[in-house]
Each structure stands twice: as structure tokens, then as C-alpha cells.
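Novice: As they're listed, the protein sequences go chains H and E. With the first letter of the first sequence counted as 1, position 122 gets the number 549 in our numbering; the numbers rise by one all the way through. With the first letter of the second sequence counted as 1, position 50 gets the number 65 in our numbering; the numbers rise by one all the way through.
Do not rely on the hints blindly, as some may be mistaken.
To be verified - Keeping only pairs whose Cα atoms sit at most 27 angstroms apart, straight-line, the calculated DSS-like set for lysine-lysine is:
(1) H/Lys444 x E/Lys97
(2) H/Lys1162 x H/Lys608
(3) H/Lys444 x H/Lys771
(4) H/Lys1197 x H/Lys1093
(5) H/Lys437 x E/Lys75
(6) H/Lys1197 x H/Lys766
(7) H/Lys746 x H/Lys1017
(8) H/Lys444 x H/Lys813
(9) H/Lys444 x E/Lys75
As the list claims (entries may be wrong) - If you want the footprint, here are the derived chain H segments under chain E, 3+ residues with CB under 8 angstroms:
(10) 753 to 766
(11) 1037 to 1048
Bear in mind the hints are in silico, worked out from the structure with no lab data behind them. From a predicted model like this one, the values you see are computed outputs, not experimental measurements. Note that the Cβ used here is the ideal one computed from N, Cα and C, for glycine as well.
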Amino acid sequence: MKKSSSHPPKLADRILKWYCANRYFEEVQGDLHEWFYQRVEEQGLLRARWMYYVDVVRYFRSFRLKSTQKINNNSNYLSMKNLLKLTLRNLRRDLLSAFLRIGNLALGMVVFLLTLVYARYELNYDQFHENHERVYRMGHKLNGDPWAAGPMGLGAFLQADAPEVERMTRIFPAQDTWIKKGDQVFTEQNVFFTDSSFFEVFTHKAIDGVLSESLKDIRSIVITESMAIKYFGTENPIGQELELGAENGRTRMVTAVIEDVPEQSHLQFDFLLPLRTFGERFTSAWRNWATYTYAELYEGADQEALNARVKNAYLTAYKGNDPDNLDCFLTPIADIHLKTNHEKELADNGNTSYVYILLSIGVFVLLISGINFMNLSVIKGLDRGKEVGLRKTLGATRPQIIAQFIAENLVTIVISAIISVLALAALSPIFSNFSELNLPLNGFYNTNILWPLGLLVLFLELICGVYPAMVLSRYKPAQVLKAGMKGSIKSGRVSFLRKGLIVMQFGISLILVISSILIYNQVDFIQNRDMGFEKDQILLVQVDGEIRPKLSAFVDGLESISGVQDVTISSDVPGYRISMEAVIEIGVTKPGDAPNIRTIMSDVDFVNVYGLSLREGRDFRQEQVEGVVEYLVNESAAALIFEDRNPLEGRIVYRGDTGRVVGILKDFNFRTVHSQVEPLVISSNMRSGVASIRFEPQSTKAVLDGIDELSKSLFPEAPSINAEFLSDRFAQLYKAESKLKSLVWLFCVISIVLTMSGIFGMASYMARQKTREIAIRKVLGSSVNQLFALMSRSFAWLLLLAIVLALPTAYYLSGWWLSNFAYQVPVAAWAFIGAVAAVFLLILFSSGLVTFRAIKANPTEALKSD
Amino acid sequence: MKGTHLGELEELVLLTTAILDGNAYTVTIANEIKAQSNRGITLSTVHTSLHRLEQKGFVKSEVGGTTKARGGRRKRLYWITKTGYDALSDARELRIKMWDLMPKPGF
């Protein structure tokens, strides 16, 4: 054994020297060395060296640390400790005021952080893709309506003939998607065919398998983690076989498992299949307008040139189209979620204005609580005139006093921040549940909530911490000590700045109250508006691959379930997007293309099931003649197609079926009332898409059970049929509004509570200041009413000013929001009057509560002390 | 100040310090405990206990001699104090008293 190598490790010694306080270093190192040589004898060099490290780490106890030694002797640390102690004592001395200030600020922070996290969540959709800045979806405008989906051939064209495009990938939703493994069958929603470049354009993490190879084989299938668990449990899914409903028993092999698609993506899928399954002819044809084309452009590519190129390709592919009616556009994928709501969107997208409404409410509430904090801090500090005077006399400079107050406010703000993080963490399950989003609210798991909080603390400190400190440090010691506070600052009066802040606070509360009344009204209005058809008591069943061959048996089966009143089969139904195609009027030549109109192809019971009313003409004939197609049009369609001609004498062609218009339906809202009623044509040439079942309300359960039984007896192989309530679908469509409604109310109540608590704090201070004045006036014979008026006057004036400023602002803001809706509830005057009255009363109530106590007190109590 | 309660480990270390009489420092104490009770104990544990015992006034210490194995570094030697001795004997008496009170177990 060489002597040099039997030394204890140098690195460990260095670590020891780094942390160990000098006081202990020598003895500790000596002990460790001795111990080390003893170990070398007993256990060998290698182990001894290793254990030496362990021992060095074990010595890491706080009393031996350098830093604790340093801190204990540092005067900065001492003065900070002193400051903290003072602050906590001051807070403890007046618990009510501390509670008001901290509670106020914490509540404001909670609301603000909540809206901020929500807004960030919504604004960050699809940004997890590495190249998301360069990835666009190619959309189209045909006769003015933007479409998200396009023809299949576009992708092939981009790949081959567009030099701007680095790569592209297409998404083609699979139909009839039930998936089978052995004897397990599930109906799946999100199954897509796609190009093998999918994982180059979009960023997804593989759990197993090689993504770049995973979609090359035409019998392959890529699944997400939760699907892997659903179908294969703990088995290794790679190489296992799955069977797709529509593929007649041919199997596919799992080639890759990826992590579940992040919630923040408009493109939610569970299964990916290679588009090559379809073969070259299908995938390069300029048809099949259900394909979503995503292009990753080169850095700095010319988008205009690309649009022009694509438009040209369209005009070549669809000869004879009017170039003016056609337009192409690129949407950055990160904008899809909030900024587009085109035809055939893959998901129900969000709404930018709701995000900003909530964010601005968050800012408002934070403002209110910040203003409260400022006012309450100043008021609280007024009691400390003597302390400041004394400090100054003893030699404290003004900057020192300022520093002290700033630090005190910082401590208070930090306490509020800690409380708000704890509150958010505690509330996060509730909010996640409510928003149905997995919001990163828990600061313990998601540290990215902490940095905005840090900024917020700094910001609040700058705004709300510095101002009170400046005001309070202004006391002149001689005057304060001689004459009390009154000698130095006119404490009873509120400064101009603070008056402004109070006006602002009142104004914001008013705006919030008015807005929430109007938002509530509008949402209520659209939810309860007569749609023009009966949306309740209708069940929808998708008619797909299994059902189609046995359709008449299925319909007969449905109709024989007791409680079912009527059944209709149609291509589309209200509440879902209805496809648009050209409808041509016979015998009239019109300039330009035939208009694209939404068209439902249904059987003869549609009008009955949906309770539509006819304005003119008749319903479809119950016994249809083979080969004769009849049409119904709604009022808007009649006006659009026939202008001033009589529709009932007209004939139209849709998808090659020429037929007479037999009736005109009254307009009904087949989508939401966000939009105007659109033209609609109903063709009697039924295409199976959806079965709509009207049932008696009292037998809901029996009908559902009946459908289940029917599905088992008719289609024992397939998964059981899902029936959906149409009213649920509409509730889904209005969900964003319903949530907005409840959130706005919640925040409105919070803002009122905050404002009231601020007023309460101010009023109690003012009442205390005026105790003697009130007592003297009372002795001299003032009535309670007079005193009350005296005390409330200052608030009342500020409130009046706030009303003058807030009403027009609220009117303007709500008008802007309401303009998003096609049908607007008239802006009600009572909302304004009611809000003003409510805020007025609440504010006078909270100030009055305090005032009243002061007035009721026995004047001798107040006067005898001097 | 901190309480003067004597923990089990502290009692052990204090006893060993008394036994080693004048030659008690971290390494020898650890060795002695190992020899007496066959209980492996790390240096830092001993050091921490000694630190506490000193704060409680049960031991006093002095920086003392060096050996070759220490590479010329001095060691801190510990002696038991009167208070420490009293605390030890109090603990012992308490145990004896309680042992006497215990009925003979029937197992």
C-alpha cells in the first residue's frame, strides 16, 4: 500500500472546510482523520475512503455551519430580526386592522392569481410543440364561410409543389370507430388517420416504440398511454394486435405508445393510424373535404406566396369556380384554440373575450384590495405619530423611518402572499373541478405559480408599500410630541390622492356589479330563449357502421319501446354542425356560384320530432314515392334562394336530386343563439347519420333501458349504443357562458366584500378621530340623524363622483361584450339603478355601522378623559 | 436555557467520558462505546452529543495534544463536571429506585 494513496480524500476535506465553522474545523478534521486511519486498518482503504465522505456529510449540522456563525454576528441580520419582531408586534397589537389588511390583500391575490393562471392556461394552447411558431393549419373560405377542414389532395400538393413548406401532415378523422381486442370492444371518439410525418410536425413524447418509424407500416397503430392501459393493462402493448371496427377483422399492430395528449391542445387523439392505409389515389384526390392539413413552413417563408399558390391549385382542381369566392389562409396552431371557430373545427374552441373578461376582473379585484391595503396602512400608521416623532428625536433619519415602514409593509404583503398560495393550493381541487381544466394552481407542485407571485409582491410593495411609508415618515417630531398628531398631519382629513383611490375603488365595484347583472341577464336570455324547436325530451343515437345495415329493424325496434313517441333519421341534427353544400334553383340563371346552404337529409318524421312549425305549404308526404325528392326550406333559405319569387313554385337541386319545395318552415335556431338563424334546407332523400328519438318525459329511464336492450339483441358483437340527450348537448354549447356567469358573480361578491371592508376600516378610524367632536355635538343637542349625515357625507360625495365616472364606463364595456351575441338582451336601466342603489346602501351600511356605534356611545366617556 | 434532561445517548456518552478519564475525545468515545455495547456510532453523533452536554454544563473541554494519525491537528478533550456526575448518579438512583418498585415479572 502506497502511503500517498492512503490519505483521506482531498475533495471531502475541501467540502468540510467549505461548510464547517472555523471554531470546530481543526478538531473535527483531526477526529475524522484518526477515524479514517482506524477504518483503513479494519475495513480496507476503499471502504474507508467512501465512509470518509459519508462522515463528512454527516457532520453537516446547523451548529457547526459557517453561515450560522456569520449570521449570529451580523448587524444587518440583527436589525432585520428586530424589524420583523417590531412588525409582528404591531400587527398583533391591532388584530382587527391586521386581519383586515392581510385578509384583503390575500383575497385579492387569490382572485388575481386564479384569473392569471386561467388566462395563461388558455393562451398557451398548442405551444408545447417544438416548432409551433412555424406550424400552420391551412384553412379555406368558400363564399365567405371559413372552413377548418379541406380536401385530401391539398396535403399532397403542398408536399410536392410548395417550396415554402418544409413538411406537412394531414389529419383525417376515422368513421365508425369501435376498437376491438379479443372480445373487448369499446367505442372510441378520437381516432385519426395521419401522415407518417405527424411526429415531426407535432411534438409528442414516446413511452415505447420509435415515433419516426411508427406510422410507416400500413397495418400499424399508435396509441396513447391511457389507451394502452385500457386495452392491455399491465402487458407490454408493443407488437400487440387491435382490430378496427370498419376493417372487417383485419388487425393492426401497435407500433408505439405515446404520452397522453396534453389538455392544452386542440388536437385531442387517442389513436393514430397511417393515412397510407387508403392508398395513393385516395390521398391525392381533391375531394373528401374532411381533412385537416397542417404545414410546417421554412423559417421566414412567404405566406402570401403560399396562399396564392394554393388558391391557384384550387382553381385548377375545381375548374369554373369564381376566384373571388375562394380564399385560403394559414392559422398558426397556437391561435386555433382561442381565435378560430370555423366550420368543422376538431374541438369546441375557447373564446378570447372570456379570457380577457376574467383577467380584467382579476386585475380589478387586485386593484380594489391594493387600494384598501394602502388606505388601511396609512390610517393604521397615523396612530404611530408619536413613535415616529420619538424615533426622529433619538436620531433616526427620514430614510430610516421610510425603510422601516417599507419593510413592515413588505412583511405584511409577504404574509398575505403566503396565505394566498396556501389558499390556492387548498382550493385547487374545487377550481379544477369547476373549470374542468387541470389548472396548475397548487404552488407545492407547480412552482411556476411562484414567480408571478414574486413579481406581484414586488409590484404591490412598490405601489402599496412605498406610499404609506412616505406619508408616515413626514411627521415633524417637535410638533407631534408637543401637540399630538393633529399638529403634524391633518389626520382626520383624507388626502387628495387617497380620495381619488376611494373613488376608483367605488367605481370598480360599481362596474363589476353592473357588468355581472348584465352578463347574468344575457346568459339567462340565451339559455332560455325559444329556439323555435323542442330541444327537451329528445335522445340522439349516432347511426354508424353496425346500425346502418339493419336500419329499418333498428327504427322499428326504437318505435316499439314504450315511452318513445316518434323517431326520425337524418344526416345532421340541431346542436351539431350541419354541413353546407351548393343548392341550385332550377330555371333561373343567377350571376356567380350557387349559394352554399346548410342541408339536412332526413326522413318524413323530422318536422314532427323536432316540433317545427310550417309557415306555408305542407310537410313531407308520409308515403314517399320512390325517386321523388321533396324539399323544405326555412324562411331565411327561402329569401336567399328565391329572393322575391314564390318558393312553393320553385324547384331546387341538391346533390343531384331535383325536387319541389313543398313547404316553408318558420326560422328556428338550429345552432346556438350566438349566431343568427342561418338558411336551412331539408331534403326528403334521407341519409342515415343520427337517430333522433322523441320520448315521454316520465319514461326516460324505461326508454334508455329499452335502447340498451335493443342494442344487445340487434348488435351483440358491437359495444352498446350510446344515447345522448339533445338538451345536454345544448348545455354543453352554453357551458362557457354558464361558467362565466357564476365566476363573474363570485368575483363581484368578492369585490363588494373587499370594498366594504375597506370602508369599514376607514370609517372606524374616522369615527375614532371624531369621537370628541361627536360627543360635543351630541351634548350641544345634535340629533342622531344629523350626526349620521355628518359622518357619512364624505363617503357619499366620493360615491357620487364614482357613480358619475362608472356608469358610462360600464355601459361602454357591457355594450362591447354584448356585441358578441347575435341576439342581445336590451341593456336594462334597472341594472344600473339597482347596482347604484345596492352599492350605495352597502357602503353607507358599513360606514354607518361604525358611525352608529360612535354616536350611540355616552358622550361623558369621550369627554371625561381630558 | 436548554433543559438539563439527560437523554439515553447522552447518558451513554457522558458515562464513557467519565470512564475514559482524561483521554476522552470524539474518536476514543466512539471506540469505547463500540467496545462496551457493540453499538456502532458515528463521529458526528458523538460530537453533537458532546456539544449538547457541554451546553448543559455536564462536561467541560479543552483543546489538547495531537498524534501522528491526526496530521498534527489538535483534539478537543472532555472531562465530566460535578454537575454531570450528579446528573449521572441521579439517573442511576432513579433507575434503581424504579427497579426496586417493579414486581417480579411472571414470564
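Novice: Determine for every hint whether it applies to the structure shown.
Specialist: Here's how the hints hold up against the structure:
| no. | hint | verdict |
| --- | --- | --- |
| 1 | H/Lys444 x E/Lys97 | violated (35 angstroms) |
| 2 | H/Lys1162 x H/Lys608 | violated (35 angstroms) |
| 3 | H/Lys444 x H/Lys771 | violated (68 angstroms) |
| 4 | H/Lys1197 x H/Lys1093 | violated (70 angstroms) |
| 5 | H/Lys437 x E/Lys75 | violated (32 angstroms) |
| 6 | H/Lys1197 x H/Lys766 | violated (57 angstroms) |
| 7 | H/Lys746 x H/Lys1017 | holds (18 angstroms) |
| 8 | H/Lys444 x H/Lys813 | violated (50 angstroms) |
| 9 | H/Lys444 x E/Lys75 | holds (25 angstroms) |
| 10 | 753 to 766 | violated (count 0) |
| 11 | 1037 to 1048 | violated (count 0) |
The structure fails to meet hints 1, 2, 3, 4, 5, 6, 8, 10 and 11 from the earlier list, while all remaining hints are met.
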